[in-house]
Amino acid sequence: GQQVMQIPQYQHVQEGEDFTTYCNSSTTLSNIQWYKQRPGGHPVFLIQLVKSGEVKKQKRLTFQFGEAKKNSSLHITATQTTDVGTYFCAGRESGGSNYKLTFGKGTLLTVNP
Amino acid sequence: NAGVMQNPRHLVRRRGQEARLRCSPMKGHSHVYWYRQLPEEGLKFMVYLQKENIIDESGMPKERFSAEFPKEGPSILRIQQVVRGDSAAYFCASSPPSGAAYNEQFFGPGTRLTVL
Chain W
1137 GQQVMQIPQY QHVQEGEDFT TYCNSSTTLS NIQWYKQRPG GHPVFLIQLV KSGEVKKQKR
1197 LTFQFGEAKK NSSLHITATQ TTDVGTYFCA GRESGGSNYK LTFGKGTLLT VNP
Chain G
-12 NAGVMQNPRH LVRRRGQEAR LRCSPMKGHS HVYWYRQLPE EGLKFMVYLQ KENIIDESGM
48 PKERFSAEFP KEGPSILRIQ QVVRGDSAAY FCASSPPSGA AYNEQFFGPG TRLTVL
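From first to last, the protein sequence lines stand for chains W and G. Read in our numbering, the first sequence has 1206 at position 70, and its numbers run on one by one without any break. Read in our numbering, the second sequence has 56 at position 69, and its numbers run on one by one without any break.
If you are wondering where the hints come from, they were derived from the structure by calculation, not from laboratory data. Please read all numbers here as calculations on a predicted model, not as lab measurements. This list has only true hints and no planted wrong ones.
Capping the alpha-carbon separation at 30 Å, the derived lysine-lysine pairs in DSSO-like fashion look like this:
#1 G/K49 with W/K1236
#2 G/K38 with W/K1236
#3 G/K58 with W/K1236
#4 W/K1206 with W/K1236
#5 W/K1206 with W/K1193
#6 G/K31 with W/K1187
#7 W/K1172 with G/K31
#8 W/K1192 with G/K14
#9 W/K1206 with G/K31
#10 G/K14 with G/K38
#11 G/K38 with W/K1172
#12 G/K14 with G/K31
#13 W/K1192 with W/K1172
#14 G/K31 with W/K1192
#15 W/K1236 with G/K31
#16 G/K38 with G/K58
#17 G/K31 with G/K49
#18 G/K14 with W/K1236
#19 G/K14 with G/K58
#20 G/K31 with W/K1193
#21 W/K1172 with G/K14
#22 W/K1192 with W/K1241
#23 W/K1241 with G/K31
#24 W/K1241 with G/K49
#25 W/K1241 with W/K1193
Computed far set for chain G versus chain W, every beta-carbon distance over 12 Å:
#26 A(-11)
#27 P(-5)
#28 G3
#29 R9
#30 S11
#31 K14
#32 G15
#33 K38
#34 E59
#35 P61
#36 R65
#37 S74
#38 T101
#39 V102
#40 L103
Positions of the beta carbon are idealized from the N, C-alpha and C atoms, including for glycine.
Produce the entire structure from the sequences given, and follow the hints as far as they go.
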């Protein structure tokens, strides 16, 4: 079945440093979504990427979808303590069930003030 | 507009008891998804339901687990004869009826199940 891998599993940064998490799928995706989960909280939708090579920005967050639609990344510029949490990517398999999201294990970001 | 609601937020059961987890989707949403999250793990898809229909239960264990989404009332995830390995956070998500393939999913706060 489809697998979605995310690296790194953990990332600790000093406030103001940049952060990147990478997501790789074993199969081609129709779209990919990113979620953020604060400690003790629930996943909150951040963004969805659909097109090959798509790049989207939300303030300090930059999301990319690979040309082959099998990988994606999330980059945070100048991290702040409010960025703390686990970032998950979730992909929908191309040609597969059009609703099922397969989540990566997430990257836990901690920020030292 | 209230978000996705789940109750209880925390549930403690002894081995062999039953656990019932409830999920009320966002207003206007007719698609409900259940996920299980183990500590330091991602979310694992369990089941996808629409009103009165189970669309996909491929992620749900065949025994002891069942889900429903009746015409009236919340969606219920039921776990019979719980075992310690069932301890996890169970999240419900909902999405609007059209374009399921491209909809974001709105997650509820989750139910943290602890089996003693």
